[in-house]
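*Asks:* Spelled out from the first residue to the last, the chains are:
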Amino acid sequence: MIHIIFFLFVFLIVAPIKAQAYLDPGTGSYITQMLIGFIAGSAYLIKIYWGQLKEFIAKLKDKKKKDGAKKNK
Amino acid sequence: MVLKKINKLEPSSFRDPSGHIFYQDDYILRQVNDIYKKDLDLLVNSGLMAKLIDKGLLVSHIEDNKIKKEKGVIVIFKADKIPFISYPYEWSFSQLKDAALVTLEIQKLAIENGMSLKDASSYNIQFINGKPIFIDLLSFEEYQEGKPWVAYEQFCQHFIGPLLLMSKVDADLNKLLRIYINGVPLRLVSKLLPKKTYLSFSISSHIHLHARNQSSYADSEKVSQNQNVKLSKFALLGIIDSLESLIKGLKYGDSDTEWGEYYTFTNYTDQAFQEKKQLVEEYLNIVKPKSVWDIGANNGEFSRLASQKGILTVASDIDPVAVEKNYIAIKNSNEENLLPLVMDLTNPSPAIGWNNQERKSLIERGPSDVVFALALIHHLAISNNLPFSHIAGFCKDIGKNLIIEFVPKDDSKVQKLLATREDIFTKYTQEDFEKEFSKLFKIVKKTTIPQSKRTLYLMKSL
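Line order of the protein sequences matches chains A and B.
When you line the first sequence up against our numbering, it's residues 1 to 73, in that order.
When you line the second sequence up against our numbering, it's residues 1001 to 1462, in that order.
Be aware that a few hints might be false.
Computed Cβ-Cβ distance ranges for the label pairs, DEER-style [claimed, not checked]:
| no. | chain 1 | residue 1 | chain 2 | residue 2 | range |
| --- | --- | --- | --- | --- | --- |
| 1 | B | L1101 | A | K59 | 25 to 31 Å |
| 2 | B | R1178 | A | I46 | 37 to 43 Å |
| 3 | B | F1273 | A | F38 | 55 to 61 Å |
Only some residues are given here: those of chain A computed to face chain B with a beta carbon under 8 Å [what the hints assert, rightly or not]:
| no. | residue |
| --- | --- |
| 4 | M34 |
| 5 | I36 |
| 6 | W50 |
Worth flagging that the hints you see were computed from the coordinates, not collected in a lab.
For glycine and all other residues, C-beta sits at the position ideal for the given N, C-alpha and C.
In isolation and in its complexed conformation, chain A is listed as follows (with noise of 0.2 Å):
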């Protein structure tokens, strides 16, 4: 699905191409840092976040495990 959001965005932004002869290709590089920079970014926290929470999840169970086989004994 983002994929396709993505598809659509992209060619709402890239048409038309001008040429220039005084190309000056930093500054777009510049904008499509600055065009990615909020998907990649929240991409990225979800993805730290995510990790987090697997770990915690992992934690939680595992501590779980170790009680109920500390009651067990």
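Once you've looked at the hints, dock chain B against the given chain A.
*Replies:* Frame of chain A, contents of chain B only:
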């Protein structure tokens, strides 16, 4: 102490006013100018430099106080020697991929320590003992919160573009870097990539959208309009993470069907193959070289006879699949002293860049102590119509000694090459081979490889 020895400037070291590389005797020296003082202080005081060297990500630099500094020079570092300089257009897919990942790892560490890479050129990476390592000390600058990554475009042109082309179009396309010294233009990468790549968020962003923006925002009026826009640190880290994930997910070619039995057959019986190996070892023991260039090395089977003795060995082959296989083997078993490279001997890397001096030709990077030319002569002489005199001349240019195998015309491999063409090679005889090579080399040893029709020679340059 004032040294009277002549300092030789590195011709490619002119882009950055922060300093330059020069050579004195056998040492690589890096001069740092006062313009770079603030950044160098941060690089040292933040602990980033020590961390990078410690992790094997940056070539070791030690301050040299013996050399007299000119006015405006704050420090001179003595850098670790790089055994053989290679270029990204000579690397296999995984070599370029690993070089890209190391660059990003360094950038992440730099950001953690309040710095950022201002230069992400693939020429800043070299391979030492099978591993990619960053060589440019002056590529770091203070990170300013809100500022986009200044080397993002360069990184995409030097790494992302060529890697995508190698992965999705053809494994040989990193050779475009030989034409485009500042990296493959993104508009070209965008044009060459299959349309389905528009469906990938990261490829669309880093290549297609990026290429279009380069053209549409080339207008200087728009520059001033966009100067106040800030990119948060999280967004920057997100972009770097996106680049990293994209690279990690790239695979070599569309399928891996050829891999299983690639080049497992030879024209030898097992015993003859072992005898040939023993002979090569015997010849190596006579010369005791410090460097070997195995030209036409395939996947490096014979190169290892040298590298495992601690000899620096460059194993080049025309076939990117064989070189890729060799590199993966080196990586998996942490092999040292072996550098695989993709090289077409009939069109070896030329000198390129400003004044034809920025990147050296293959010949300029020699000569090596020994050249291996095993099971190669027929490919050059018959497939490429090269007279023996020309082959001998090239071997002399690149090596002081030569271990060369003569493959006679009645060998099945030669017959295969002649199967679809007229035999115009009346001079392809062992006599003519010896006659032409003897003009430039002294034949030291000559042995028929048991159970074969082939002969192995050890020759010394005259």
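*Asks:* Classify the hint on A/W50 as holds or violated, based on whether any CB of chain B lies nearer than 8 Å to its CB.
*Replies:* Violated. Min distance 13 Å.
*Asks:* Please test the hint of 55 to 61 Å on the beta carbon pair from B/F1273 and A/F38.
*Replies:* Given range 55 to 61 Å: holds, Cβ gap about 59 Å.
*Asks:* Closer than 8 Å between Cβ atoms is the bar; does A/M34 clear it against chain B? Give me holds or violated.
*Replies:* holds (5 Å)
*Asks:* Between B/L1101 and A/K59, does the C-beta distance stay in 25 to 31 Å?
*Replies:* With a Cβ separation near 30 Å, B/L1101 and A/K59 satisfy 25 to 31 Å, so the hint holds.
*Asks:* So, as I understand it, the hint says A/I36 touches chain B; can you test that by seeing if any CB pair is closer than 8 Å?
*Replies:* holds (4 Å)
*Asks:* Just to be sure I understand the hint, the distance between the Cβ atoms of B/R1178 and A/I46 should be within 37 to 43 Å; is that true here?
*Replies:* holds (40 Å)
In summary, the structure is inconsistent with hint 6 from the numbered list given earlier, while agreeing with all the others.
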